[in-house]
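Each chain, letter by letter, is given below.
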Amino acid sequence: MTRSGTLIRGMAIVATVTVYFALAGCGQFEPRDKRFYYRALWNFSLREDLAELDSEFNGVDFGHSNLYENLLLTGGQDVPAIEDRARKETLAFIATKPRLNPNEEAIAPTYMKLAWRAQNTFDEAHALHRATYDIAVSDEPDKDRAIHNVLAYYKDSAYAITSKPLDHRRLDRFSYSTAFRQRFPLFNATIWSYHYLQVAVYDPLQAAPDLAAKTQAVRPILATYRRYLDQPPVQWTFMPLTAELSPQFAARYPELAHIFDNLHMLHDNISDILTSERLPTWEAKRAEIYRVVNTYYLATADATNPMIITSEQGHHH
Amino acid sequence: MSTAGLRAVRWLLRAWLVGLALPALALDHDNLDPNRPIGMEDAYAIPKGEIGLEGGVRFNDRRQGRTNVTFQPQIIYGAFANTQIEIQGDLFTDPHSIVGANKSGDLHLGVLYNFNTETLILPAMAVRVEVDLPTGVNSKGVDTQLTGILTRSFGRLRLHLNGGYTLLGSPQGQERPGTYRAVAAVSYPLGYPSSFRDTLIASLYTRQSDLQGQRNHTGVEIGLRHQLTSRVVLDGGLGTEFLGPSGRAALLGTLGVSVGF
Numbered sequence: 001m002t003r004s005g006t007l008i009r010g011m012a013i014v015a016t017v018t019v020y021f022a023l024a025g026c027g028q029f030e031p032r033d034k035r036f037y038y039r040a041l042w043n044f045s046l047r048e049d050l051a052e053l054d055s056e057f058n059g060v061d062f063g064h065s066n067l068y069e070n071l072l073l074t075g076g077q078d079v080p081a082i083e084d085r086a087r088k089e090t091l092a093f094i095a096t097k098p099r100l101n102p103n104e105e106a107i108a109p110t111y112m113k114l115a116w117r118a119q120n121t122f123d124e125a126h127a128l129h130r131a132t133y134d135i136a137v138s139d140e141p142d143k144d145r146a147i148h149n150v151l152a153y154y155k156d157s158a159y160a161i162t163s164k165p166l167d168h169r170r171l172d173r174f175s176y177s178t179a180f181r182q183r184f185p186l187f188n189a190t191i192w193s194y195h196y197l198q199v200a201v202y203d204p205l206q207a208a209p210d211l212a213a214k215t216q217a218v219r220p221i222l223a224t225y226r227r228y229l230d231q232p233p234v235q236w237t238f239m240p241l242t243a244e245l246s247p248q249f250a251a252r253y254p255e256l257a258h259i260f261d262n263l264h265m266l267h268d269n270i271s272d273i274l275t276s277e278r279l280p281t282w283e284a285k286r287a288e289i290y291r292v293v294n295t296y297y298l299a300t301a302d303a304t305n306p307m308i309i310t311s312e313q314g315h316h317h
Numbered sequence: 318m319s320t321a322g323l324r325a326v327r328w329l330l331r332a333w334l335v336g337l338a339l340p341a342l343a344l345d346h347d348n349l350d351p352n353r354p355i356g357m358e359d360a361y362a363i364p365k366g367e368i369g370l371e372g373g374v375r376f377n378d379r380r381q382g383r384t385n386v387t388f389q390p391q392i393i394y395g396a397f398a399n400t401q402i403e404i405q406g407d408l409f410t411d412p413h414s415i416v417g418a419n420k421s422g423d424l425h426l427g428v429l430y431n432f433n434t435e436t437l438i439l440p441a442m443a444v445r446v447e448v449d450l451p452t453g454v455n456s457k458g459v460d461t462q463l464t465g466i467l468t469r470s471f472g473r474l475r476l477h478l479n480g481g482y483t484l485l486g487s488p489q490g491q492e493r494p495g496t497y498r499a500v501a502a503v504s505y506p507l508g509y510p511s512s513f514r515d516t517l518i519a520s521l522y523t524r525q526s527d528l529q530g531q532r533n534h535t536g537v538e539i540g541l542r543h544q545l546t547s548r549v550v551l552d553g554g555l556g557t558e559f560l561g562p563s564g565r566a567a568l569l570g571t572l573g574v575s576v577g578f
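Sequences listed follow chains A and B, in order.
Per my numbering: the first sequence ends with 317, consecutive numbering throughout.
Per my numbering: the second sequence ends with 578, consecutive numbering throughout.
What the hints contain is simulated information worked out from the structure, not anything from laboratory work.
Please note that a few of the clues may not be correct.
[Unchecked claim] Simulated pairs of lysine to any residue, SDA-like, Cα-Cα distance not exceeding 20 Å:
no.: 1; chain 1: B; residue 1: Lys-365; chain 2: A; residue 2: Asp-210
no.: 2; chain 1: A; residue 1: Lys-97; chain 2: B; residue 2: Tyr-509
no.: 3; chain 1: B; residue 1: Lys-365; chain 2: B; residue 2: Ala-396
no.: 4; chain 1: A; residue 1: Lys-97; chain 2: B; residue 2: Lys-365
no.: 5; chain 1: A; residue 1: Lys-97; chain 2: B; residue 2: Leu-507
no.: 6; chain 1: B; residue 1: Lys-365; chain 2: A; residue 2: Leu-151
no.: 7; chain 1: A; residue 1: Lys-155; chain 2: B; residue 2: Lys-365
no.: 8; chain 1: A; residue 1: Lys-97; chain 2: B; residue 2: Asp-515
no.: 9; chain 1: B; residue 1: Lys-365; chain 2: A; residue 2: Ala-127
no.: 10; chain 1: B; residue 1: Lys-365; chain 2: A; residue 2: Phe-36
no.: 11; chain 1: A; residue 1: Lys-143; chain 2: A; residue 2: Asp-210
no.: 12; chain 1: B; residue 1: Lys-365; chain 2: A; residue 2: Lys-143
Everything numeric in this text was worked out from a predicted model, so none of it was measured.
Throw the hints in and build the complete structure from the sequences for me.
Quick look at the structure:
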């Protein structure tokens, strides 16, 4: 056989294998589409200058992924596995004060295979969260411009969550809604505590004039957050909202506030889907996660999204 | 292990320690690229927009013949969605003795395209196309290589299969006009649930010899990738070839660093 013939045969084998797998699972053939974070001089400012807060966010990253993997593998039915084992694993990881964010695909390998599209949506929104903290902590002279640029970069993604306000109350009234918080109140309150930390630090960070003041300003919030981890606030009836905990940040950057609140609501929806027996199979859970993400959360659905509200409606605990 | 081999190991350790002192300027330690630190890769490209600078030093203490040391500078760029392009130019300490496609100083250009992410049914799949331009010592003709890559996970353990074919543009003397290569590898993140900085990798490979009439090089490698900082990954690997021609590797070793930004 000629060399070119051998090459063509090799290419044909690769193409055949690819087509075989594509046809075998065409319903699950989806692109990876990982995108690098917005590159700027302020990247990793939080990690380098306010590691005390950064390490807590690294712990939060573990918590979400570890919850989803355990909900999936236990069918959302095993209370001790979630409330005791998984939650304590998360608390133990947080207690290590991790200097780097964990590899979430190593924490939740099954969930990542089930719902990569949703995970990539989380990853991009979490990168936006991180960017806003980095900007707040950095010595970037024009923070408004930096936030405008990073928000524009985020909104340019096909995985961007809508920056419009969504009706969270309606998004919490699906047939399976509240399943997670009813069955696993401790872990739910722990998740809401993460979300408290993520949004409560914005106003103090922005108000403090320098790094020393910022470090001092976030300490009371960190103390409250750690108290919540010890004694999860099970009395809360709804997730924390940015406008309630950082009103100045929400007023100045309403699109960011909406994105983060929508992100946190999507976390609650997916927790409910993974818990509820109304969606008994992994395939049914995957289909519902993708339906919710595609129909109600991605900015690409803004023109037809029935959950977008035109006037702000406050939520209260 | 020969005296030359020991010298090479000592030199590599010194070079690696110097690397530790570099300022924080790397890539996800769980994204596996060829030679970082062993000759296998996973099916994923680096994220769109990321730039990676990778460098390594590899020694090959052969059963017969002189120990070879290779310097492996490389730039990789996430040029498009699910696509990385690579520019590399290996430099060998004994360039005139090299046979096969990869000559010292050749300019190596590659593209890796990832078709899909892994799902509950499908493995992740990718294809790599590479060309070696004859810019190096004793190099003639443009060599081309096509590799298919599959990655499938089982819990935290990931299995990687690489199968490639290299076509020499202008084979010299007894050089084969084309050679195949097959690798089966596994990777596993160490430290769960308390630490996520290290990935262990092991592979079994076989590749056709560069010269006609000789047996396949068949060996094993093991390596570790360590996330040092948000941007820097260190790697180190060892291997040996238990079948092959008389000049096959008795001990292979690699130390490297990757910087992503």
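Results of checking the hints against the structure:
Under the criterion of a C-alpha separation no larger than 20 Å, the hint pairing Lys-365/B with Asp-210/A is inconsistent with the structure, at around 34 Å. In summary, the hint linking Lys-97/A to Tyr-509/B is supported, as the alpha carbons are separated by about 15 Å, within the 20 Å threshold. Under the criterion of a C-alpha separation no larger than 20 Å, the hint pairing Lys-365/B with Ala-396/B is consistent with the structure, at around 6 Å. About 30 Å separates the Cα atoms of Lys-97/A and Lys-365/B, which puts this hinted pair outside 20 Å; it is violated.
Distance check on the hinted pair: Lys-97/A and Leu-507/B sit about 18 Å apart at the alpha-carbon level, within 20 Å; holds. Between the alpha carbons of Lys-365/B and Leu-151/A the distance comes to roughly 17 Å, so the proposed pair stays at or under 20 Å and holds. A C-alpha spacing of about 16 Å is found between Lys-155/A and Lys-365/B, which places the hinted pair at or below 20 Å, so the restraint holds. The straight-line distance between the Cα atoms of Lys-97/A and Asp-515/B is roughly 17 Å, inside the 20 Å bound, and the hint therefore holds.
Between Lys-365/B and Ala-127/A the alpha-carbon distance is near 14 Å, which keeps this suggested pair within the 20 Å criterion. Taken as a hint, the Lys-365/B and Phe-36/A pair is honoured in the structure, with Cα atoms around 6 Å apart against an allowance of 20 Å. At roughly 13 Å between alpha-carbon atoms, Lys-143/A and Asp-210/A fall within 20 Å of each other, so this suggested pair holds. Our distance criterion of 20 Å between C-alpha atoms is broken by Lys-365/B and Lys-143/A, whose separation comes to about 25 Å.
Going down the numbered hints, you'll see the structure goes against 1, 4 and 12, while the others check out.
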